[in-house]
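For the record, the sequence lines run as chains A, B, C, D, E and F. So for the first sequence, the working numbering puts the first residue at 1; every next one is plus one. So for the second sequence, the working numbering puts the first residue at 1; every next one is plus one. So for the third sequence, the working numbering puts the first residue at 1; every next one is plus one. So for the fourth sequence, the working numbering puts the first residue at 1; every next one is plus one. So for the fifth sequence, the working numbering puts the first residue at 1; every next one is plus one. So for the sixth sequence, the working numbering puts the first residue at 1; every next one is plus one.
Bear in mind the hints are in silico, worked out from the structure with no lab data behind them. You may find that some hints are simply not true.
[To be verified] The following label-pair restraints were derived from C-beta to C-beta distances:
| id | chain 1 | residue 1 | chain 2 | residue 2 | range |
| --- | --- | --- | --- | --- | --- |
| 1 | B | S309 | F | G188 | 32 to 40 angstroms |
| 2 | B | R153 | E | V59 | 54 to 62 angstroms |
| 3 | A | R133 | B | V30 | 55 to 63 angstroms |
| 4 | D | D79 | E | G188 | 47 to 55 angstroms |
Note that the structure is predicted; figures quoted are calculated from it, not measured. The beta-carbon is built from N, C-alpha and C at its ideal position, and this holds for glycine as well.
Number of protein chains: 6
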Amino acid sequence: MNPSDRLPSVGALSPELNGWGFFLCTYKDVRQGRSGDLFITLSLQDKTGWVKGRILNDVARLRDEFDHGDFVKVEGRTDLFNGRIQLVVDRIRRINPDQDKAHGFREEDCVLCAVRPVEDMWSELQELIQHVRDPHVRELLQRMTTQHAAKLRVWPAALTVHHAYRGGFLEHVLSVARSALMLGAAYGANQDLLTAGALLHDIGKLEELEYDRSTSYSREGNLVGHVTLGTIMVRTATASIPDFPDILRTQIEHLIVSHHGHKEFGAPVEPMTIEAMILSAADDLDAKINQVRQALADETEGEFTAYHSRLGRVLWRG
Amino acid sequence: MNPSDRLPSVGALSPELNGWGFFLCTYKDVRQGRSGDLFITLSLQDKTGWVKGRILNDVARLRDEFDHGDFVKVEGRTDLFNGRIQLVVDRIRRINPDQDKAHGFREEDCVLCAVRPVEDMWSELQELIQHVRDPHVRELLQRMTTQHAAKLRVWPAALTVHHAYRGGFLEHVLSVARSALMLGAAYGANQDLLTAGALLHDIGKLEELEYDRSTSYSREGNLVGHVTLGTIMVRTATASIPDFPDILRTQIEHLIVSHHGHKEFGAPVEPMTIEAMILSAADDLDAKINQVRQALADETEGEFTAYHSRLGRVLWRG
Amino acid sequence: MNPSDRLPSVGALSPELNGWGFFLCTYKDVRQGRSGDLFITLSLQDKTGWVKGRILNDVARLRDEFDHGDFVKVEGRTDLFNGRIQLVVDRIRRINPDQDKAHGFREEDCVLCAVRPVEDMWSELQELIQHVRDPHVRELLQRMTTQHAAKLRVWPAALTVHHAYRGGFLEHVLSVARSALMLGAAYGANQDLLTAGALLHDIGKLEELEYDRSTSYSREGNLVGHVTLGTIMVRTATASIPDFPDILRTQIEHLIVSHHGHKEFGAPVEPMTIEAMILSAADDLDAKINQVRQALADETEGEFTAYHSRLGRVLWRG
Amino acid sequence: MNPSDRLPSVGALSPELNGWGFFLCTYKDVRQGRSGDLFITLSLQDKTGWVKGRILNDVARLRDEFDHGDFVKVEGRTDLFNGRIQLVVDRIRRINPDQDKAHGFREEDCVLCAVRPVEDMWSELQELIQHVRDPHVRELLQRMTTQHAAKLRVWPAALTVHHAYRGGFLEHVLSVARSALMLGAAYGANQDLLTAGALLHDIGKLEELEYDRSTSYSREGNLVGHVTLGTIMVRTATASIPDFPDILRTQIEHLIVSHHGHKEFGAPVEPMTIEAMILSAADDLDAKINQVRQALADETEGEFTAYHSRLGRVLWRG
Amino acid sequence: MNPSDRLPSVGALSPELNGWGFFLCTYKDVRQGRSGDLFITLSLQDKTGWVKGRILNDVARLRDEFDHGDFVKVEGRTDLFNGRIQLVVDRIRRINPDQDKAHGFREEDCVLCAVRPVEDMWSELQELIQHVRDPHVRELLQRMTTQHAAKLRVWPAALTVHHAYRGGFLEHVLSVARSALMLGAAYGANQDLLTAGALLHDIGKLEELEYDRSTSYSREGNLVGHVTLGTIMVRTATASIPDFPDILRTQIEHLIVSHHGHKEFGAPVEPMTIEAMILSAADDLDAKINQVRQALADETEGEFTAYHSRLGRVLWRG
Amino acid sequence: MNPSDRLPSVGALSPELNGWGFFLCTYKDVRQGRSGDLFITLSLQDKTGWVKGRILNDVARLRDEFDHGDFVKVEGRTDLFNGRIQLVVDRIRRINPDQDKAHGFREEDCVLCAVRPVEDMWSELQELIQHVRDPHVRELLQRMTTQHAAKLRVWPAALTVHHAYRGGFLEHVLSVARSALMLGAAYGANQDLLTAGALLHDIGKLEELEYDRSTSYSREGNLVGHVTLGTIMVRTATASIPDFPDILRTQIEHLIVSHHGHKEFGAPVEPMTIEAMILSAADDLDAKINQVRQALADETEGEFTAYHSRLGRVLWRG
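So that you can see chain A by itself, here it is in the shape it has in the complex (with noise of 0.2 angstroms):
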């Protein structure tokens, strides 16, 4: 491969390769090596995936080119570093927009995101409201999805542990929807409140992460926790819906109280109804999934994974 040509996708590059690419750079960080020369590490970002990156020449120039934060070009060659691929980059700059539109830039290629279009997913979300019966449910359903639309349409479901990427919200939440009418069909359980539990139980991430392209959490998010954030955003969109009942503010706030299903997993308050059991059953499960589908996207090799520490154990190909 010639070094003027494009690379592919971070998920599709393979070792010793030559060429350039857009980026997202989420992180950047100088250093001093031990013979005293300074270094750069750095992550790259676009939408299949991140790699990692090193500038070890031409450092006291390549360093002022670009920032975290960034949309850059970037040309190098991949080699494997401790299994991984990694990109060593010859030159760097930030995007020049209306030069670099010309051959190919899209930011919205540069972002790590959920393979799904958002557009399906968003309307997926309003056919699970359509459905739902209970005019108070549907109509807290909508205020509260329209309210936050923006922020639906891009924010990931966690900072690192599952979904953690541009839409990931969104597919988290239509997923534990998905399962948990599922299961309530067979159990014959409210599907009303099903559907109010997996649409509404992380609504408090809105509030607990910052995402701009890359996520942290906020203030809030850390002194009171998503899960507190999240009662309070429903306590609030019931109080500002006429005759909303009681019993069923009630209800639904309790499915968001209990959905880390456990006390020592930070739920003030364990499921005591079947809804809750099948929402915070429905959560897990799904959570569970994505972090089995990341660790075997991360490691290309093996029939077994390296041993997963929050899973506690090693995970099968199959």
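Could you slot chains B, C, D, E and F onto chain A? The hints should help.
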């Protein structure tokens, strides 16, 4: 109500009824009261539930009229004791089949059992097996269900915790299968494996428990446990099927050994595949929901149940 | 002592007394003894404590003379049962206010309550609020204590564990405030925040518990829990105060959500500030010391108490 | 800044300074880089903190110029490494006391120590003892503090966790005493016992730790532990005081053996008295707050600290 | 059997026997039945075991005929109560030594004790000490066993859990010594240390427990605990032996403080040497096996015992 | 020492040696240094231990001269790195058997193995089996050891934790047998069962691990686990022995399924018999002591080891 009237079934008893009925006696204990008088505590069961009984008069004679495990004809009156119905027994004797059948006695009416008819459940089981596409898995399920058909039709799912009644095993297994297959479809998991895992995960209980109207642990059940016994049963069955692939056997055995989900719940190995995670979640949820329903059925009053010591919380009637 | 004498208050009862008294009946259960006879178990309370009662004679008539929740006039004799005083009741009837007031009946004498007069405690509360220097925090505390003044004056701090008596809420909250402010002074913490945290940390209990002489959980109390309910109450109150600073609101909410100290004790978020650590330590210590005092008061003999199952140890009288 | 300038104290270092200073070297490790060249990693301390150092040039000669435990004169420049200041050392040599004192070297300036002067702390200690009313307890405290005066004036409170600096022991013990006495006054506890418990609870650390500028565990410290060692020291001291009451000795020993609060934290016995509960709460709180302050001091930027693995959470700067 | 016959010893009782016997009464409680009548519950012990007793008639007179802690002569009949033998007592009185000795009463026959004669155990103890090669360790063991000889010959090993009978301490200590020395030989451990550790690990129980026929905790036992008390006893004893090496004392103290194996079981320090690991394993195993034997002896029927709540499982008779 | 000298065995290496040796290479990783140069990290093993190696020069050529799993001839010099010996390799190549045998190369000298010769261990194993009195148990042990003789002679006992070297399985199993039989004799346990349990408790590891000089988990090992695999192996073997009593098979299977002692350590069933308790204690102790010895051997200096993260403490050299 007149003492010569037939009592309603156990699930429909109310206080202050007088009458007679046919039951299975599942517990009998002769005690001496503080005053020195003897009295008898007993449990009486029909297919809809069980009720505590008490014999206070004529004990010396009645104590020899029946034993634990007998079908009995009982005459007495209901009252409330600590908020639960009990039956104060005036007369009790063993069933005389010839005579009592004429008055409507049928063994199957006196054994606590699943709501759904066993033939329905058996048909669903067969249908699930027919839908398995892998011929080895299908063959395995056909052999094992045929071989254990007699037990499968009557077994309870557990000694006391959940589905502890005739047909409870099949009821639980089918419910887990339905949930697991729905979740499996949503997550693109291997449906054949999930069917096998759902139908076989508790198969060791056919050897762990001894059941002949009432239930107890077998020696092997206590000392080896149903998780390991079930794995051995699968190993033996696969060994008798020509060319059963090793990898398939290992996958099914993994589903069995890991189905309790966590080491501290008795899983020697934790789920390492998406299928094992789904099965374990479906099994846990089904057992919990059955306990909730049981608890709500046992206490007919109050918005919340008493503290449920196994689940560690009170439950809400909704 | 003559049956026509008035019994001393509960805290001063000794065995083998005969007499009459005014009480609140907080528990009543009609049971059938082994001999078939009915008897009644009850709890009787005055402002100094509670005593178990038992009605063995004339049950059929007396059972309709009073109910759980009634103020009653009782005649009987004390004896020892398992090392504790009990009252064997010969006569019991509902209070007839007009007639009984003449003989000294006063409702407030029959309700178990904090030792300290409520007006004293209320003054201390007001004084604490006066000392708050930040005008927003002071305003918040004034509004919330004014709004909930009626409940604040009578509420217990918990259902059974600690300060489970009339005025116990205020007693506990003031005690926590005193400790927290002393510790806060020692560690240079923000005293305004500590005052707010101490006074508001359990405020959700005003909605979690229902209290009208005796205590129970409300529906919201069970399903949402006082930690979250309290945070919502603060959020609502701050929203009605013009320009209440966001950061201040978050700090106070953090004190509430984290006050149980650890996730396994039901804190969805753990203390992240010196103020939150001080508040959580002061709250825990006050609850423990109240339990020790209760246990030592309940058993009047012996150098060590019996094993205290909640604290997991025996306690020493010193 | 000129290389001939004196560097500010460690707590005041910023990047890109050039200069010289006096320090205690508490760690020194000679390593071989990947290129085969040697380099040295070291820790340098003065009374305000510690800083990591690195020697990259002239290693073969400089390695013999000093050792771990030496007071040294250092010349170099500061830079940032992973967000923390480090000192790149150009010249280093052992202190020459006669010559260097002339330029301002004082041993006590080079040892990390408590902010408060030791004489102040010693006076407070004496005053606390004067306030003890029980003559036996006062005698015990006088003897033990006199006997161990030399160590008490310099000892750290722990190896690494909290108050890990010269004078930290006294600082911690006095802080616990202040808190415990305030809480004791509020709860009417025995103040003499609390003074004794606060001053003696960690006394075994005088034997557990070895401290001579830097800290390590003694053999007895590892194998017997400070809880038991401290109890033995008290037993020995009380044995030498005529007529020291047994019950008093037992009470003080109980405060020591139970001060970790829970078995899993190494308390062979859990607090059974109000005094023991107060002491354990005061000790735990003081250690936690010291860790918070340390963590906030170590990271000078950011609203929240990095994840604190011992406390299991991030901390907020406020 | 005739009421004038002597009953067999407790271990050999069967239902429906009539007769008399000599016992130690270890528990006596006078209660009022629901009918208002008094009855007495008591425990009766001889050297082979204990049996529950009940006095239903003539209570007013018999209650003054004996007390807890008395040797008594009893007349009555055995029956089954909840599957265990009990003795319904018709007559009971304190022993009249002169008269009753003539009929075979001997105190030592009425106290539950180890199967093996104390003199045998004492000889084995002496022999173990003779085999110690290190003169300081041997001297220590000789002094301590001589000093505490009286208690060592009679003490139980625990209040209720294991070896809870006269001579149980010695029985346990010798059993641990035998196991530890065998294991020590296999692993090349220091046998002198193991002998000392085995003989002294529980020595603090001589002060922790008070034993005079029946057992209770002493004040020091509750407040300081046998682990620390034992270490103090060793410290005191070694201090009186000239030139006892410090390192040896530390090693023996380590064996004592760490013998519970884990912090959560009350070991302030965990085993850090092969000797400490062996001792802790031998101690734990001996206590467990004694509990198994006790449980199997308490229930004479059934292949499996009832659920053993301390061990958390059922046990198999084999 | 001269580069033409043969290096001592690994266990006897010291810093600053020059020379050559024969080894097994068990790990090889080619990396790029910060300067861009390649270097190689490797592990070299002989029968006495393993040493880390590093190739810094001539990497491009040497990287193709050998691979992970090869026996190699190495030339280089030792130095210290982080307190451990490493070998800086100048020359390395695969073994040329014909030529190198002449200079003393033997495969068995290059594989880390148990200290004791395998033939000795095999004889002890046979002798243990000869002492079994029950003919069925003896037959079972003979069959299983004969069938798996090849693996039994070479297998390690674990991947990394304990006895992780050639012959480690047999070493561990014999050591457990010796301890269990001694303890069994002391407690009157069934020695035949203990022999069977000791020899077979880890038999599933022959299928769990794959071992060909170096060790890894097999697919079945990960997914089914050695506890269940071992039980299946016993079930299969007993099925082929005529008239093998069911109860005996269940007892042996119980020893295998329960040998980890507690559910949280992966035992699906906990020990219910004295034999199972003895076996589990002997197994745990042997694994722990082997870890202690390993830790002491790995660090040759210092009275205490570094913190041992698996055991959760430091260890004392004694």
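Each hint tested on the structure:
1. The beta-carbon spacing between S309 of chain B and G188 of chain F, approximately 39 angstroms, falls within the hinted interval of 32 to 40 angstroms.
2. Taken as a hint, the range 54 to 62 angstroms holds for the pair R153 of chain B and V59 of chain E, whose Cβ atoms sit roughly 57 angstroms apart.
3. The hinted range of 55 to 63 angstroms is satisfied by R133 of chain A and V30 of chain B, whose Cβ atoms lie roughly 56 angstroms apart.
4. Separation of D79 of chain D from G188 of chain E is about 54 angstroms and conforms to the stated range, judged on CB atoms against 47 to 55 angstroms.
Every hint from the earlier list agrees with this structure, and none is contradicted.
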